[in-house]
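S.K.: Residue strings, one per chain:
There are 4 protein chains.
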Amino acid sequence: MHKIVLIGAGRIGRIHGRNAAANPRVELAGVVDVVDAAAQALAKEHGVPVRTLDDALADESVAGVIVASSTDTHLDYSLRAAAAGKAVFCEKPIDQDLTRAKSAAKELARARLLLAFNRRFDPNFQALKAKLDSGAVGRLESLQITSNDPAPPPPSYVAVSGGLFKDMAIHDFDMARWLLGEEPVEVYASGSCLVDPEIGKLGDVDTARTVLKTTGGRLCVISNSRRSGFGYDQRIEAYASAGMVRADNVLESTVQAWNENGAAADKFQNFFLDRYAEAYRREMEHFADILDGAAPSVGYADGVAALALAEAAAESSRSGKVVRL
Amino acid sequence: MHKIVLIGAGRIGRIHGRNAAANPRVELAGVVDVVDAAAQALAKEHGVPVRTLDDALADESVAGVIVASSTDTHLDYSLRAAAAGKAVFCEKPIDQDLTRAKSAAKELARARLLLAFNRRFDPNFQALKAKLDSGAVGRLESLQITSNDPAPPPPSYVAVSGGLFKDMAIHDFDMARWLLGEEPVEVYASGSCLVDPEIGKLGDVDTARTVLKTTGGRLCVISNSRRSGFGYDQRIEAYASAGMVRADNVLESTVQAWNENGAAADKFQNFFLDRYAEAYRREMEHFADILDGAAPSVGYADGVAALALAEAAAESSRSGKVVRL
Amino acid sequence: MHKIVLIGAGRIGRIHGRNAAANPRVELAGVVDVVDAAAQALAKEHGVPVRTLDDALADESVAGVIVASSTDTHLDYSLRAAAAGKAVFCEKPIDQDLTRAKSAAKELARARLLLAFNRRFDPNFQALKAKLDSGAVGRLESLQITSNDPAPPPPSYVAVSGGLFKDMAIHDFDMARWLLGEEPVEVYASGSCLVDPEIGKLGDVDTARTVLKTTGGRLCVISNSRRSGFGYDQRIEAYASAGMVRADNVLESTVQAWNENGAAADKFQNFFLDRYAEAYRREMEHFADILDGAAPSVGYADGVAALALAEAAAESSRSGKVVRL
Amino acid sequence: MHKIVLIGAGRIGRIHGRNAAANPRVELAGVVDVVDAAAQALAKEHGVPVRTLDDALADESVAGVIVASSTDTHLDYSLRAAAAGKAVFCEKPIDQDLTRAKSAAKELARARLLLAFNRRFDPNFQALKAKLDSGAVGRLESLQITSNDPAPPPPSYVAVSGGLFKDMAIHDFDMARWLLGEEPVEVYASGSCLVDPEIGKLGDVDTARTVLKTTGGRLCVISNSRRSGFGYDQRIEAYASAGMVRADNVLESTVQAWNENGAAADKFQNFFLDRYAEAYRREMEHFADILDGAAPSVGYADGVAALALAEAAAESSRSGKVVRL
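Which chain is which? The protein sequence lines are W, L, S and F, in order. Position 288 (the first sequence) corresponds to 292 in my numbering; numbering is contiguous. Position 72 (the second sequence) corresponds to 76 in my numbering; numbering is contiguous. Position 311 (the third sequence) corresponds to 315 in my numbering; numbering is contiguous. Position 137 (the fourth sequence) corresponds to 141 in my numbering; numbering is contiguous.
No wet-lab data here; the hints were simulated from the structure. These numbers were taken from a predicted model, which means no experiment stands behind them. Do not rely on the hints blindly, as some may be mistaken.
One copy or any two copies: either way a pair holds, since identical chains are not told apart in the list.
The calculated lysine-lysine pairs, modelled on DSBU-like cross-linking and capped at a C-alpha distance of 35 angstroms, are [claimed, not checked]:
#1 K106 with K205
#2 K106 with K133
#3 K205 with K133
#4 K325 with K133
#5 K133 with K96
#6 K48 with K7
#7 K96 with K271
With the hints as extra help, turn the sequences into a complete structure.
M.R.: Below you can see the structure in the form of structure tokens.
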């Protein structure tokens, strides 16, 4: 069992903490958080000590670190953990600023760093990718990624979020890169504020469409809205030379009610922690693989590349011009 | 173009009249009805003469007759038309009384008589049968036939209908025979009056389950209700040695609405004349085949066999005992 | 019954001819075609005379004209028919050239001209629009129009087609205008040649994504491919403030086969004449309404507007730049 | 945390052991098994001692016992555990013999005994029942319970299984009772051997349909096959006065592949331990409730009642006669 320390006892940190505790291959060996009460509560839940970051990094028995603290600390803590020889499980994004993110290339490009783009670990999207990779539908030509949140965040969150493209669509840029198999070289994004005028006042958009074109001419559309009105809307359609593969939304149950208005299915899952519960478990499993010596399937370079696409899309949406990478 | 005469200008007669008029292989050459106004109206719609049955049967240029008059005349008119050398398109049932129906065996067993069990001509059920016949799912083992009307008929109709098993389930007994490929030898039916107490007062049931077992042990369940509450519910599941084939209900459109309660499909088709519009057209097409010399794909013997199953089911429901054929 | 004359006895002319013949409100009174054999064959099928255009337009008993001849004659014949006081049913597009199309504004802007964008008459898309118009899902925000042909046309067709945007996507531009309720003011299109290299050699694309933004910021993505590989792929998703409405593809039957690989639905309809058979019938019904005095629900101005969007998309795809209207 | 001891370290015992270990409300305090190696292995996995039954029952700190040993021991161990004052979590069936099962009424009718009919705890079936109980579809009239195993067990298992009705359909009899809300008073079952002739040689059937009628005339059909050929087929349809509610099968993922043959969904889940994983977790949760003082939602009397229905169905299938209870 590899000992790991968790930095960050907030919402996502608690998820990773529970998955670490439940995974027989790793041992949660401490919790670090700048808010002492949060650290104490989570540490108590798992019967492990509260620690300082310095202490954790100095402890030779600690093999890995989970960086689930606030976004502005991701890069710094990852650098420190890597420098201390630890494997790193870093929440996305690697940073909100592309220049800053790139500046760590020397230290992090070859680090044992898992950048936690959780959707790569979702069983549905993994099954979609496996189908594409199997060749069953031929050669990929284009992608439709639909990614709508159930309801918009409060303006206070939007204000510090980095904007729709960096905060929300960054997952979709990563999915696009993962599935397209070629790097995007052209980015066009068109955004509007249709959901909440407060978001517009902050200079952000809440509804967007982004078109990517790759080196080989493959096309990808990313559809985003801060509010679907019908649940957490996470779908992908992959068009290929011999057909199409799609992954659909997840429902709360298989129950349907039929009445004079037709057939009604159950609700769509509404909460990302439910929708991606298994993805988070598989992330932890992959981190155990890395601690065993495996190479990260998604790492620092992927974090930088997704951020670069997000910046390009934000620029395109602002300027109304196509951005070439 | 084969000249045909239509007997019966009621609801189902009008359907057959229009399909005859629209079919380039047959020519509607007259309408017969005991209610003169009905005959006049339909004849006028198609620009053909009102005729008497005697006149129509005596006309050598008339090749075929559609018997769409009231149930108690089906057998008599079919006999007279067959005796006159006409091909016969006879609405179901051949008669409400099994003994009477059987009595015509000598005259009708080899007649060019199409017994109009419309569901055999439905594109969905034909596709289901084609799939079974293709061997794609192996050897048939059991059937589930679901057949629920949208809403119960008025008690006045129920009183003269012959009862649920002869009036409604007779279609399902024919579908069972068509698909099972073996004759049923055991019939058990259990019925209740749950929908409309007036139906119970008439000695009938409105809800029933019938189990058939064939010579080779294949099992078939028929589920009937006089009221589904969600439209015209016509489904079949066929279980075979290498899988299952099912035909589902037909919706009014492909439109779905997604909201916070989940995904809602459009209404189920509610009216049998919509649901089976194409089936009625294909029936007429097959009658044209018969006029060209083809053998009827479903005829007198099938009408008698379905009626025998309906009587057995009614008896089982009444007695609470299994009936062996 | 309004007498109408059909110009054009090719594939689409034959469809309109049959629907006219079957519609009790209009009377097919002649067929015109530059290819005499084609005119003769279709005229014979319906028992009507072959006529010249001059003769038909001079005939005061003729109330309407269907222009289903080759694209380069649409505008000219429509002008001549309108000048002769006839109601016009004109196949799309009004013309391949925007300047030429616009030049007829004086004569055609107020003409009784039905521009035959058939998809507006499809029951599924009409049901979708009715749902949106009902307010059941709130205020429209964005659209996803998916429109893929089953298989690419031969290069010889592509060469004279006007290109993907004018030939194929023009339907989608019309659907976008019909549903968006606001005029698009920004067009971006990204196209690739991924399906058939011969199409690329002709300077055309076979795969494209187009993004429209309206005056009010509504967004619309149009996805096109000349080859889906799985049938005629015609879907729309409309995202609104309180949910989403979608219209899905049409299947050949409701039959599913379940085996160890899962549940397989029946094939998607493959042929546009099947998919839109009812739409063509409803178009003819609407033409009868126009002959009765109703205003066309879609006319000359819509034809010009869709063409303008197609030209803008083609220019954007060529230049790699956003086009503002 | 309530201390509990697990009797039985076989397949189902291991499941319950893991769920007990993962549940923060109970503490696994020992494993009992007649096969020492099995007990040792499971005890080691959870870091708990191997114990004898006598020792476990004598230990006052042990609050509950899970009886997951072989079927013939269920009743005896439940009696001994209840006599020792423990709460009992007893795997189904309570016994294979109805007379024997009934003989324990005095001791067990009021015992704190959870009879582990896992399907009552499945989220999909619970959602179906909640929908029915909410009154959203009106008053229940009839049920269709479909319950087919993916593949037949070996004849050696069938020989000691008690037969299809007691071994397999007993779950469905319990579901019927749970949902019908009225006790069945008439049972008819028709069975065949169509899947594996070896099963027939053992005097058992592998394919069956059972019809139940309740005191109030509600009807229920149970469809069973030892081999579906397409996965673990567990569906329920509940017909009510204002519509229908159904629970469908569970798929391995939401992925669909579309090609020229149509749309293919992913595989159906094949293994009952996957299909009911969450149900087993909820069972353990309910056992924790019972240890906290709650009344069992399903207990001894339900086990006896389901067994009585299974015996009646087996008798009906054997005799070809309807059985009245």
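S.K.: How would you classify K133 and K96 at a CA-CA limit of 35 angstroms: within, between, both, or neither?
M.R.: So K133 and K96 pass the 35 angstroms test inside one copy only (21 angstroms; across, 40 angstroms).
S.K.: At most 35 angstroms between CA atoms: does that hold for K106 and K133 within a copy, between copies, both, or neither?
M.R.: Intra 28 angstroms, inter 48 angstroms, cutoff 35 angstroms: intra-copy only.
S.K.: I want to check one pair: K205 and K133. Are their C-alpha atoms no more than 35 angstroms apart within a copy, between two copies, both, or neither?
M.R.: between (39 angstroms within a copy, 32 angstroms between copies)
S.K.: At most 35 angstroms between C-alpha atoms: does K325 with K133 qualify within a copy, between copies, both, or neither?
M.R.: both (32 angstroms within a copy, 32 angstroms between copies)
S.K.: Regarding K106 and K205, is the shortest C-alpha distance of 35 angstroms or less found within a copy, between copies, in both, or in neither?
M.R.: Close inside one copy (30 angstroms), not across copies (40 angstroms); limit 35 angstroms.
S.K.: How would you classify K96 and K271 at a CA-CA limit of 35 angstroms: within, between, both, or neither?
M.R.: For K96 and K271, both the intra-copy (28 angstroms) and inter-copy (32 angstroms) Cα distances are at most 35 angstroms.
S.K.: For K48 and K7, with the copy left unspecified, which applies at a CA distance of at most 35 angstroms: within, between, both, or neither?
M.R.: This pair counts as both: shortest intra-copy Cα distance 17 angstroms, inter-copy 21 angstroms.
In terms of the numbered hints stated before, the structure departs from none.
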